[in-house]
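Number of protein chains: 2
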Amino acid sequence: MDIAFADVGSHKVVRVMGDVDLYNVGDLKRAVFELIDEGEVESLIIDMASVNYIDSSGVGALVAAQKKMKTQGGKFGLLALTEDVLNILKLATLDQFFKIYESEAALP
Amino acid sequence: MDIAFADVGSHKVVRVMGDVDLYNVGDLKRAVFELIDEGEVESLIIDMASVNYIDSSGVGALVAAQKKMKTQGGKFGLLALTEDVLNILKLATLDQFFKIYESEAALP
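Residue numbers (UniProt numbering), protein chains in the order written: chain A, 1 to 108; chain B, 1 to 108.
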């Protein structure tokens, strides 16, 4: 995975190139949080056009980055999701959002 | 759409039967919020086994119910989602969770 930065209008765009998983999510977090900690980014956009797979640690990093940006009053968005990543995020965010049980027998 | 109630262990289960849309979401909200407002439900479970379609007003009602339950320190979950409703919720919660842009040209 490689990371590059670009300014697009008022947005700071972080281009992620390659898959994001437990083994390289630290690099992504470091890059993104350094940027956020500088406190000068009004709108952080993660460009995912070149990402075909992201695991739950990567989703967690995106969620954490969004949370931190919003805490600072900034904006956060995802750009150009591939079909595969879109599907992973759909399921991951649904799981984060609602607790879902398959049957009454599965209720705690 | 019809609504029925059941107690399953420590859970109050609200069984929704039929599709949820702008025209009947008020009935669902009334039933669910009356239950929540009584303040005696520790865990509210919405049984969606007999729902094949839910529109954005219905998703909004579920989100609002969950929020209110959590504010009261209670639990909230969805039970037995049909494939179609699962897909609708995946997209709706992803949209609620992240702002997603298809291209740089779409950035605000």
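Everything labelled a hint here was simulated from the structure, so no lab data went into it.
Just so you know, not all the hints are guaranteed correct.
Claimed, not checked - To give an idea of the interface, some chain A residues facing chain B are shown, with a C-beta separation under 10 angstroms as derived from the structure:
id	residue
1	Met1
2	Ile3
3	Met17
4	Gly18
5	Asp21
6	Leu22
7	Asp47
8	Gly60
9	Lys68
10	Ala80
11	Asp84
12	Lys90
13	Thr93
14	Gln96
15	Phe98
Beta carbons: idealized from backbone N, C-alpha and C, even for Gly.
Evaluated hints:
no. : hint  : in the structure
1   : Met1  : violated (20 angstroms)
2   : Ile3  : violated (17 angstroms)
3   : Met17 : violated (16 angstroms)
4   : Gly18 : violated (20 angstroms)
5   : Asp21 : violated (19 angstroms)
6   : Leu22 : violated (21 angstroms)
7   : Asp47 : holds (8 angstroms)
8   : Gly60 : violated (13 angstroms)
9   : Lys68 : violated (14 angstroms)
10  : Ala80 : holds (6 angstroms)
11  : Asp84 : violated (14 angstroms)
12  : Lys90 : holds (4 angstroms)
13  : Thr93 : holds (4 angstroms)
14  : Gln96 : holds (7 angstroms)
15  : Phe98 : holds (5 angstroms)
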